[in-house]
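Novice: All letters in the sequence shown, in the order written, are residues 30 to 201 by our numbering.
In case anyone wonders, no lab produced these hints; they're calculated from the structure. Among the clues, some could well be false.
Unchecked claim - Distance condition first, Cα-Cα at most 27 Å in a straight line; then the derived DSSO-like pairs of lysine-lysine:
id: 1; residue 1: 60; residue 2: 102
id: 2; residue 1: 60; residue 2: 49
id: 3; residue 1: 146; residue 2: 49
id: 4; residue 1: 146; residue 2: 41
id: 5; residue 1: 60; residue 2: 146
id: 6; residue 1: 128; residue 2: 60
id: 7; residue 1: 102; residue 2: 128
id: 8; residue 1: 102; residue 2: 49
id: 9; residue 1: 60; residue 2: 41
id: 10; residue 1: 127; residue 2: 60
id: 11; residue 1: 102; residue 2: 146
id: 12; residue 1: 102; residue 2: 127
Unchecked claim - Pair ranges (Cβ atoms, derived):
id: 13; residue 1: 68; residue 2: 43; range: 33 to 41 Å
id: 14; residue 1: 161; residue 2: 50; range: 21 to 29 Å
id: 15; residue 1: 70; residue 2: 165; range: 18 to 26 Å
id: 16; residue 1: 127; residue 2: 158; range: 16 to 24 Å
id: 17; residue 1: 80; residue 2: 157; range: 34 to 42 Å
id: 18; residue 1: 157; residue 2: 77; range: 31 to 39 Å
id: 19; residue 1: 143; residue 2: 89; range: 16 to 24 Å
id: 20; residue 1: 49; residue 2: 168; range: 20 to 28 Å
id: 21; residue 1: 168; residue 2: 116; range: 25 to 33 Å
id: 22; residue 1: 63; residue 2: 168; range: 17 to 25 Å
id: 23; residue 1: 111; residue 2: 158; range: 27 to 35 Å
id: 24; residue 1: 164; residue 2: 92; range: 33 to 41 Å
id: 25; residue 1: 165; residue 2: 106; range: 16 to 24 Å
id: 26; residue 1: 98; residue 2: 128; range: 23 to 31 Å
Model, not experiment: these values are computed from the prediction. A virtual CB, placed ideally from N, CA and C, is assigned to each residue, including glycine.
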Amino acid sequence: MQQDGFRFSHDKRFRRVSYKEFLATAQALSKTVSEHRQDLTVNILTAEDHTTYDYTTVTFDTDEVHEVLRGRKHYTLSELTPTVWNRAFDVQVTLYDKKDEQPFMISLSCDRYADDKRMLFYGQCLDEAVLHAVLNQFRRRALWYGLGDGVSPCSTFNMLVGAHLAGTRLSL
30 MQQDGFRFSH DKRFRRVSYK EFLATAQALS KTVSEHRQDL TVNILTAEDH TTYDYTTVTF
90 DTDEVHEVLR GRKHYTLSEL TPTVWNRAFD VQVTLYDKKD EQPFMISLSC DRYADDKRML
150 FYGQCLDEAV LHAVLNQFRR RALWYGLGDG VSPCSTFNML VGAHLAGTRL SL
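Take the sequences, apply the hints, and build the full model.
Specialist: Okay, here's the thing in structure tokens:
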């Protein structure tokens with residue numbers, strides 16, 4: 030039985046998400062999901078310049094957006110080093126199963142430029158075992174971080190480009 034998935038976030042109250050914390054969460058997430066999926070692929074995408082980062086916040090679909098996003102750097106989990114972390118504006122770990130006919134995907138991301146106190150979790154087309162395993166391990170509340178809804182505010186860049194495409198004028 031396929032489930033729709035989930036979206037939630039760890040919203041830190043007092044400090045930024047650190048490299049060690051993000052890496053440990055990514056490794057634990059990968060381990061948890063790999064216990065249920067044998068053909069799991071883990072890919073890390075980063076935005077390491079302002080232009081690429083601006084396009085990662087866009088929610089509309091054009092050829093220009095796809096072209097810029099193809100320029101993101103790709104890493105494996107073992108290649109995510111403190112150097113990569115420090116130069117990246119945005120880091121996204123994506124877990125997927127190429128052999129699954131459904132678009133199974135789990136994502137863990139941290140927007141280090143605009144929202145460095147938040148780790149976003151997203152999953153789609155998950156079977157019940159994976160869904161419960163991830164939710165039981167990662168969806169929790171604690172005093173030092175809150176549990177958010179996983180929805181980030183719309184960026185100014187995205188609002189301006191959207192207004193331009195729609196032909197409207199926004200006052201920001």
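Novice: Evaluate each hint against the coordinates.
Specialist: Taking the hints in turn, this is what the structure says about them:
A hinted pair counts as satisfied when its Cα atoms are at most 27 Å apart, and residue 60 with residue 102 qualifies at roughly 23 Å. Distance check on the hinted pair: residue 60 and residue 49 sit about 16 Å apart at the alpha-carbon level, within 27 Å; holds. Between residue 146 and residue 49, the direct Cα distance comes to roughly 14 Å. Compliance with the 27 Å bound is thereby established for this hinted pair. Using a Cα cut-off of 27 Å, the hinted pair residue 146 and residue 41 holds, with the two alpha carbons roughly 5 Å apart.
A C-alpha spacing of about 24 Å is found between residue 60 and residue 146, which places the hinted pair at or below 27 Å, so the restraint holds. Between residue 128 and residue 60, the direct Cα distance comes to roughly 18 Å. Compliance with the 27 Å bound is thereby established for this hinted pair. With a C-alpha separation of about 24 Å, the suggested pair residue 102 and residue 128 falls inside the 27 Å cut-off, and the hint holds. For the given pair, residue 102 sits about 20 Å from residue 49 by alpha-carbon distance, which is consistent with the 27 Å threshold.
Straight-line distance between C-alpha atoms of residue 60 and residue 41 comes to about 23 Å, which keeps the hinted pair within the 27 Å bound. For a cut-off of 27 Å, the pair hint linking residue 127 to residue 60 stands: about 17 Å separates their Cα positions. Taking the CA atoms of residue 102 and residue 146, the gap is near 23 Å; set against the 27 Å cutoff, the hint holds. Between residue 102 and residue 127 the alpha-carbon distance is near 20 Å, which keeps this suggested pair within the 27 Å criterion.
About 39 Å separates the C-beta atoms of residue 68 and residue 43, a value consistent with the hinted range of 33 to 41 Å. Between residue 161 and residue 50 the Cβ separation comes to about 24 Å, which falls inside the hinted range of 21 to 29 Å. Evaluation of the 18 to 26 Å hint for residue 70 and residue 165 yields a pass: the beta carbon distance comes to about 23 Å. Judged by the Cβ atoms, the range 16 to 24 Å given for residue 127 and residue 158 holds: they are separated by roughly 19 Å.
Remark: the range hint 34 to 42 Å for residue 80 to residue 157 is upheld by a beta-carbon distance near 41 Å. Between residue 157 and residue 77 the beta carbons are some 37 Å apart, a value that agrees with the proposed interval 31 to 39 Å. Range check, residue 143 to residue 89: about 18 Å between beta-carbon atoms, so the 16 to 24 Å window is met. In this structure the supplied range 20 to 28 Å holds for residue 49 paired with residue 168, their Cβ-Cβ distance being about 21 Å.
For residue 168 paired with residue 116, a C-beta distance near 30 Å keeps the hint of 25 to 33 Å intact. Distance hint check for residue 63 and residue 168: the Cβ-Cβ separation is about 19 Å, which falls inside the suggested range of 17 to 25 Å. Between residue 111 and residue 158, the C-beta spacing of about 34 Å keeps the proposed range 27 to 35 Å intact. For residue 164 and residue 92, the hinted distance range of 33 to 41 Å is satisfied, since their beta carbons lie about 37 Å from each other.
Separation of residue 165 from residue 106 is about 22 Å and conforms to the stated range, judged on CB atoms against 16 to 24 Å. Checked against the given bound of 23 to 31 Å, the beta carbons of residue 98 and residue 128, roughly 25 Å apart, stay inside it.
The structure fails none of the hints (numbered hints given earlier).
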